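J.: Residue numbers (my numbering), protein chains in the order written: chain A, 7 to 367; chain B, 7 to 367.
It is worth saying that the hints were derived from the structure and are not from the lab. Keep in mind it's a predicted model, so treat the numbers as computed, not measured. Glycine is no exception: its CB is placed at the ideal position from the N, C-alpha and C atoms. A few of these clues could be false.
[Said to hold, decoys possible] Short derived list, chain A residues pointing at chain B, Cβ under 7 angstroms:
| id | residue |
| --- | --- |
| 1 | Thr123 |
| 2 | Arg126 |
| 3 | Leu155 |
| 4 | Phe163 |
Number of protein chains: 2
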Amino acid sequence: MQTLRVELGERAYAIHIGERLLADAGLILPQLDLPKVAIVTNTTVAALYLQQLTGALQARGVDVLSIVLEDGERYKDWATLNRIYDALLERRCDRKTTLIALGGGVVGDIAGFAAATYMRGIPFIQVPTTLLAQVDSSIGGKTGINHPLGKNMIGAFYQPRLVLADTAVLETLPARELSAGMAEVIKHGLIRDMAFFSWLEQNMEKLLACDQDALAHAVRRCCEIKAAVVAADERETGVRALLNFGHTFGHAIESGLGYGNWLHGEAVAAGMVMAADLSRRMGLIAPADVERIVALLKRARLPIAPPDIDSGRMLELMGVDKKAEGGKLRFILLDAIGSASIRADVPDDPLQQALALCGAI
Amino acid sequence: MQTLRVELGERAYAIHIGERLLADAGLILPQLDLPKVAIVTNTTVAALYLQQLTGALQARGVDVLSIVLEDGERYKDWATLNRIYDALLERRCDRKTTLIALGGGVVGDIAGFAAATYMRGIPFIQVPTTLLAQVDSSIGGKTGINHPLGKNMIGAFYQPRLVLADTAVLETLPARELSAGMAEVIKHGLIRDMAFFSWLEQNMEKLLACDQDALAHAVRRCCEIKAAVVAADERETGVRALLNFGHTFGHAIESGLGYGNWLHGEAVAAGMVMAADLSRRMGLIAPADVERIVALLKRARLPIAPPDIDSGRMLELMGVDKKAEGGKLRFILLDAIGSASIRADVPDDPLQQALALCGAI
Numbered sequence: 007m008q009t010l011r012v013e014l015g016e017r018a019y020a021i022h023i024g025e026r027l028l029a030d031a032g033l034i035l036p037q038l039d040l041p042k043v044a045i046v047t048n049t050t051v052a053a054l055y056l057q058q059l060t061g062a063l064q065a066r067g068v069d070v071l072s073i074v075l076e077d078g079e080r081y082k083d084w085a086t087l088n089r090i091y092d093a094l095l096e097r098r099c100d101r102k103t104t105l106i107a108l109g110g111g112v113v114g115d116i117a118g119f120a121a122a123t124y125m126r127g128i129p130f131i132q133v134p135t136t137l138l139a140q141v142d143s144s145i146g147g148k149t150g151i152n153h154p155l156g157k158n159m160i161g162a163f164y165q166p167r168l169v170l171a172d173t174a175v176l177e178t179l180p181a182r183e184l185s186a187g188m189a190e191v192i193k194h195g196l197i198r199d200m201a202f203f204s205w206l207e208q209n210m211e212k213l214l215a216c217d218q219d220a221l222a223h224a225v226r227r228c229c230e231i232k233a234a235v236v237a238a239d240e241r242e243t244g245v246r247a248l249l250n251f252g253h254t255f256g257h258a259i260e261s262g263l264g265y266g267n268w269l270h271g272e273a274v275a276a277g278m279v280m281a282a283d284l285s286r287r288m289g290l291i292a293p294a295d296v297e298r299i300v301a302l303l304k305r306a307r308l309p310i311a312p313p314d315i316d317s318g319r320m321l322e323l324m325g326v327d328k329k330a331e332g333g334k335l336r337f338i339l340l341d342a343i344g345s346a347s348i349r350a351d352v353p354d355d356p357l358q359q360a361l362a363l364c365g366a367i
Numbered sequence: 007m008q009t010l011r012v013e014l015g016e017r018a019y020a021i022h023i024g025e026r027l028l029a030d031a032g033l034i035l036p037q038l039d040l041p042k043v044a045i046v047t048n049t050t051v052a053a054l055y056l057q058q059l060t061g062a063l064q065a066r067g068v069d070v071l072s073i074v075l076e077d078g079e080r081y082k083d084w085a086t087l088n089r090i091y092d093a094l095l096e097r098r099c100d101r102k103t104t105l106i107a108l109g110g111g112v113v114g115d116i117a118g119f120a121a122a123t124y125m126r127g128i129p130f131i132q133v134p135t136t137l138l139a140q141v142d143s144s145i146g147g148k149t150g151i152n153h154p155l156g157k158n159m160i161g162a163f164y165q166p167r168l169v170l171a172d173t174a175v176l177e178t179l180p181a182r183e184l185s186a187g188m189a190e191v192i193k194h195g196l197i198r199d200m201a202f203f204s205w206l207e208q209n210m211e212k213l214l215a216c217d218q219d220a221l222a223h224a225v226r227r228c229c230e231i232k233a234a235v236v237a238a239d240e241r242e243t244g245v246r247a248l249l250n251f252g253h254t255f256g257h258a259i260e261s262g263l264g265y266g267n268w269l270h271g272e273a274v275a276a277g278m279v280m281a282a283d284l285s286r287r288m289g290l291i292a293p294a295d296v297e298r299i300v301a302l303l304k305r306a307r308l309p310i311a312p313p314d315i316d317s318g319r320m321l322e323l324m325g326v327d328k329k330a331e332g333g334k335l336r337f338i339l340l341d342a343i344g345s346a347s348i349r350a351d352v353p354d355d356p357l358q359q360a361l362a363l364c365g366a367i
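Please take these sequences and the hints and turn them into a complete structure.
T.: Written as structure tokens, this is what we have:
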């Protein structure tokens, strides 16, 4: 097991990474105020791992309430959130009950927001079971739900007390979801670490085959990068925005297609190609860099082109994005593989050309 | 104008208290990230003060969006909260839009929770227009909405950037609401300041007649007490619970009657009598102290006895209260007029006797 710390002062917490951590209740117990937890998960994950986690905790005398949600991004809404509130209230959970998210990004986001807002905040632990959640969404405290007018529009910054990333559970993850998570893995290399990007070029097949050592290395490196960025800028007023590389386009793609048609990581992959293309058109990176990025995404079995969405519609969808400030769009662009920066000076022409990629490939 | 500061480190903020601050846009402007605000208010307050505030801001070049809610505690729910989100999203408000709550406790709580959760948090300013909001609910960062199973069960701690308490607006407050606010004023004296309680005994008629100097003194002293308590314990892990004196019983009364039948302050007044009675039965204060408290509440035209709710039902309603911990009820009791403490050692007999007050007077 490897352990990292996310340095956030009084909100600092540990991330444990390794095989078969799920059933190790000894990691969770020291974090509980009272021996009472509510595990939020979904039907798919519950069938695979709920009993392991519940059994391990109950064996140590913990009172466990399970709240099993439907599986899918379309359930990341107010109605599902309210089901969590109802279950907590019906079981008289108070401020000392710890909420555990057992699942992927959707479960983590909605359970985290429930923890942030139930009785104005209760203790929270993340047990991410997808690659995307392990390398990205479980770290940094972003929680929330979708609104019909925009993804993640309702939410809060709320830090967990602990993140348990069990790499063994990735063996049961569908290949498409493993690939989707790989988009965020590649993103971490692109924005901050050229050597890690090269390592990914050398190890992509091992990762896709769930080689445990390779996975542990990738998860750890992503967590290190994300933890450092989050520690520097918890509430996304500056450098944290770099983590959104590919996401301005990606969110517009997700929203334009309707949530749940493409996986988040798939939309981000296509969004990263658009952002890389825009970086090239701005003269920031070479055509060969774009080709390397496209090649690695392809090997990760990810889409490398956005679907056919009208460029006017894309702009409209990007306009309500949270990263818009004062009406002006900011883009995260690459200066090189391994280095990104925030740009508010993107002229209309290269942007239109990048948007024309939609449906083009 | 008098100014206090709530000392909360990077979340510290000022409270300005005085006559006719509402139209002084110069107090608000320095707090805005961009000249764009969304004012959340209700139909009653909008008719009286929305134009003044809007006009003052527009005259200084601020883009103003108004969101006018229905008036009443029963609208402090998810549906109303969603109306705020919808309006903000439809007008493409981003993270730099400042949300201003213009109204009483309900408006402040729901607007504050909208500010806490819209795009994971946007700047927030409180302009409280009721006595209750000026002395209590606008200070300290508690925000939230009600759930069918409990009051304020969904919420967040979220601090405003500024509180503007304009005492002149209290002249248009209905007498019943002025009295309800006085319950919280009296509470501040009871829990922390005997001299202030005595001052209230000498000045109650002036306050009820909206004497501006008396109001400014009372609002200031309450804000000082509340700000000091909140600064010592922002997230209510200890001393802040003292501010809930009378509220464990009061919330049960509100909930038992159905929200909105009694005003919050009225339920708190009856709850404080129950808590004082329980303190006396525990031998902590003298019968004469209870009589002084009852007499002052009567002069403030507040109920001094709870309605007829079965004691079993009261206990059940108190059981889901947020202040319950690990299943054990804690009570805020008086050691003297001007001094309160948290007690987890209340035996069943005196509690049952205090509950028997329900419907008894």
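J.: Would you mind marking each hint as holding or not holding in the structure?
T.: Here is how each hint holds up against the structure:
Hint on Thr123 (chain A) holds. Least Cβ distance to chain B is approximately 5 angstroms, under the 7 angstroms limit. Checking Arg126 (chain A) against chain B by beta carbon gives a least distance of about 5 angstroms; that is within 7 angstroms, so the hint holds. Hint status for Leu155 (chain A): holds, given a least beta-carbon distance of 4 angstroms to chain B, under 7 angstroms. Evaluation of the Phe163 (chain A) hint against chain B yields a held restraint, the C-beta minimum of about 5 angstroms falling below 7 angstroms.
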